[in-house]
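K.L.:
In case you want the letters, here they are:
Protein chains: 2
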Amino acid sequence: MSILNFLLGRPLASDEESEQRIGAAAGIPVFGLDALGSAAYGPEAALTALLPLGAAGIAYAVPLSLGVVVLLGIVYFSYRQTIAAYPTGGGSYTVARQNLGARAGLLAGAALTIDYLLNVAVGISTGVGALISAVPSLQTQTLPLCLGLLAVLTVINLRGVRETGTLFMIPTYLFVACLLSVIAIGIAKTVMGGGHPTPVVAPPKVAAAGGAASIWLLLRAFASGCTAMTGVEAVSNGVQAFREPVVKVAQRTLTVIIAILMALLTGIAYLVRVYRIGATEPGRGGYESLLSQLTGAVAGKGAFYYVTIGSILLVLALSANTSFADFPRLCRAMAQNGYLPYGFAVRGRRLVYSYGVYVLAGLAALLLVIFGGVTDRLIPLFAIGAFLSFTMSQAGMVMHWKKHPGPRARTSLIVNAVGAVATGITALVVAIAKFTEGAWITLAIIPALVLLMVGIRRHYHAVTKEISSPSPLEFADLKRPIVVVPIEDWNRVSKKALRFALTLSDEVQALHIDSGAEPNTLQAAWADLVEEPARKAGQTVPRLVIIKSPYRVVVGPILSYLRQLERSRPERQVALVVSELVERRWYQYLLHNQRAQVLTALLMLDGDERIAVINVPWYMKF
Amino acid sequence: MSILNFLLGRPLASDEESEQRIGAAAGIPVFGLDALGSAAYGPEAALTALLPLGAAGIAYAVPLSLGVVVLLGIVYFSYRQTIAAYPTGGGSYTVARQNLGARAGLLAGAALTIDYLLNVAVGISTGVGALISAVPSLQTQTLPLCLGLLAVLTVINLRGVRETGTLFMIPTYLFVACLLSVIAIGIAKTVMGGGHPTPVVAPPKVAAAGGAASIWLLLRAFASGCTAMTGVEAVSNGVQAFREPVVKVAQRTLTVIIAILMALLTGIAYLVRVYRIGATEPGRGGYESLLSQLTGAVAGKGAFYYVTIGSILLVLALSANTSFADFPRLCRAMAQNGYLPYGFAVRGRRLVYSYGVYVLAGLAALLLVIFGGVTDRLIPLFAIGAFLSFTMSQAGMVMHWKKHPGPRARTSLIVNAVGAVATGITALVVAIAKFTEGAWITLAIIPALVLLMVGIRRHYHAVTKEISSPSPLEFADLKRPIVVVPIEDWNRVSKKALRFALTLSDEVQALHIDSGAEPNTLQAAWADLVEEPARKAGQTVPRLVIIKSPYRVVVGPILSYLRQLERSRPERQVALVVSELVERRWYQYLLHNQRAQVLTALLMLDGDERIAVINVPWYMKF
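Each protein sequence line maps, in turn, to chains A and B.
Taking my numbering, the leading residue of the first sequence gets 7, the next gets one more, and so forth.
Taking my numbering, the leading residue of the second sequence gets 7, the next gets one more, and so forth.
Same chains, same names: a pair is fine if it fits in one copy or spans any two.
Below, simulated DSS-like cross-link-like pairs (lysine-lysine); rule was C-alpha separation at most 25 angstroms, straight line:
{"#": "1", "residue 1": "K502", "residue 2": "K485"}
{"#": "2", "residue 1": "K542", "residue 2": "K502"}
{"#": "3", "residue 1": "K501", "residue 2": "K627"}
{"#": "4", "residue 1": "K501", "residue 2": "K471"}
{"#": "5", "residue 1": "K195", "residue 2": "K307"}
{"#": "6", "residue 1": "K471", "residue 2": "K502"}
{"#": "7", "residue 1": "K471", "residue 2": "K627"}
{"#": "8", "residue 1": "K211", "residue 2": "K307"}
{"#": "9", "residue 1": "K554", "residue 2": "K501"}
{"#": "10", "residue 1": "K254", "residue 2": "K409"}
{"#": "11", "residue 1": "K195", "residue 2": "K211"}
Think of the hints as simulated: they come from the structure by calculation, not from any bench.
Whenever a hint applies, use it, and build me the whole structure from the sequences.
P.N.:
And the structure:
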């Protein structure tokens, strides 16, 4: 146990829960890494979609980004209200379930589940991919590096939310500080340069010529830019992780995250335009990420550049952590409603919903192994889940305001309705634009997951219905069972089993299977060994039943004897006493037959209500 | 079960054993394939060792082969006597054990075990290798072909010795007929050609010049030629597979095998000299096997040539079968003396010692997988085991004749002593000549295996000593156990468990672990649900024990409660009733906790003599 303590920390008692809660400072790294990290790829994704327009495309950067910022504001407003309305957490799943019905809740839950899972695999593989661009000799170690990073994240998250927050504060705040500095310096230089600053390192030239802008192209660019919004729902799912006053602290955390994100998005869009920076074709020679171009143009490629780029890579790799914080909580909420196995709702040794962490880590590892650590092909599958759940959550809030009219309910309703329509359209655009690239897989898996969860709940209901019974215990008709003891040889083990059987019942049968391999001496000796002493002690005499087994099998005849006994004596229960030689060391296992275990397993698998199995262990002394 | 019947045939009853026994005609393919197949490589191995002598080396072919034939005669004589002296089978192991002591027997047994295992891997891979030389496009499928052939041999041998014999008769007798025809035609042509026949297809020219013959070179050539003797001990191991009169039939089988082998070895050596055929360098361009050269020279490369070569390849591939016939019998003999797990001595459904077949197939598959189906590097490991066991067997027979003086004992003793010295020298020469090529591995594994088997026997002895007890059953002091029933909720399952507990004892305790997750309603309801009805029925009242679990674990507190109960009540046994929800379908397994199984397993692993576990199953209806 000491290695577990070292890895995961000492177990936490249930009443230590409140000490494990976190404030806004730790909440930002725990729940904000995904959202903040997306500032690194959202604007670039939009500009990449604008590439066909050439230099003219850059002009759309500011309006598109403002659009995203406005949508972000709407979503922020919605989730802020959600936190207040559902202080026990649950986010989109809970909101949709409460306001739109169970199926809608499941749809949002399934979409988010897939979003979180993909986020882990893609986040880790992006981070490792960036590390490999820097140190190409690590190329062959891609998968081990990915799995190693996954293992580290898993262990850190199993240690509890407080330690995760403390540990990830430094990279998160370094990232925020660097990017805000870039933006501040850039704006200062722009002002001093009269709106036309001179880049320190000139960005690659953007092709001047280009096609005309179509609505569809702009929509796609907008949808791509909206990937900057993934991860925004995280805080609302994890409200219960915050310290008192829960709602206030969670809202403050969300506010800070969204404020930083908005500042980053606006700042980046503005500087992109004044420095005339365009996206470069990804996967082609001469590719350079947007933030690398921007940082170089603003501050040159010195030490500050490398610190900034390093912090971006770290945050991308750690953005998987948001899933680790939220996936288990989402699963717990669904498990409490019976849609997932109960284990998801049980707190582990560090008060974390460990089962969810294991399942997330296992599935992500599977994805990483299948794709060899390079998950580019998973990226198109990714944003749909997030936007589907945004839409469900917004629509749910619309219904919420309808049911709870109040002074500001009407305004709120309108904002949420606008948000629902906007995120819904975005989800639709993403689904259509990325359909053939693999988004159809997500669209196929989500309903399958919903059906699975409905099936699980149906199963639990059926079990509960079958076994529930509020009536008191019946004391009538308590007859002692007929106890059968299979005996191979006469030795201490079989004698112990027989003696135990005799303490349980007045009707004990010893059962010997005679496969003809050795002369059967048991029958001749039975009178001396058992019958005579029993009579002397005034006890009922245990019977010896001998069954011939021409085909040398042992387990089969025992099972059929038990069934026959059960049929011929319907008034009594039957119990089988299995005397088991327990090996002290694993290799001893190979030296003895495991007939006791086989018997127990077969009786359990194919058994009968009325046959109980009694294991009487015999421990070897050495 | 019907697929098992199809694959392996219907189960055979113990009293059908005599019908499964075989005569000499079937015995030759079953036990002779290894020995006869070695005629295909023994002479070639000797001539390859003579390559440094150039054309002069061919002159040594006849004397060396005659030496091998004489040694073969001595070994034959020895094993013929062994069969008569030990009609229950056992070969070298039994002879050495009875006459030289247990350790010597183990040494012979371990050596043979390794010989048999290597024979399977090498035989199969040689056969598949030859097939691939003929059809090079199969190259990439080497390992699957090897494993497929292994699987076929395994299944055939699991069907029983009689079916194996019938099936392998055709290739065996075809092989013998072809090679004897080649020899007969060759001798006829030699006689007609006045001692100088003209080859139909001229063999490759042998380099005229060469070094001088040293004793060491000739010894090595002799040792290589002796590989023609591997497999000769097989019949003596399997005497019990033959029909009555067992000894006569087994001896007749051995006589036929050795006679054919001697004829082949002498004939090949003679024709090699008159046709002036030398070995070609293996693994080099222009390599052609000795028998291919010989058949071509004698009969040309027409249809007969291809049939002959085909039959040779088939016999090489099937020579693995001798191991399948003997390895399980050898293991059974050793298991009966306690040196191997008892399972090796148990007859399976077709009266075969199936455990030995499985273990042999499994280990051979492992070797094939490790070496990718190309086992050339295993060949040097191979002959030592055989010659070591020959030597032990001969030496054992020397002691046998000393103990059983008789009319011909003195002659027999001398013959066996000569045989022991000759095979001993051969073993030594092989070991030295092949030491650095890998023979050291065999020399290291054999003593390790002996130590393992001694350890196994010591374990069985200790167990027997610990549990054996011939005294009658004690009827004094039979007190009913204290029965503990862990209860999570009040439902049909827990009620069934409680009722069963009440039939077993007058002291029943219900144990509830309160992890604080849900409000504890059981305590309040206990009076109504249990205590009141118990009093009304005039029964002792089952107690409810509630244990708080601040760390949310359930199994640990149950275990420690049981131990504490056991300590405080030393006069009574303790029984734990585990009510288990048994899932009907595998996936339901994921939906329920397996606490009952964990409890059972932990109690068994780390348990105590005085705690029994009672499984009361609850089967779900759906």
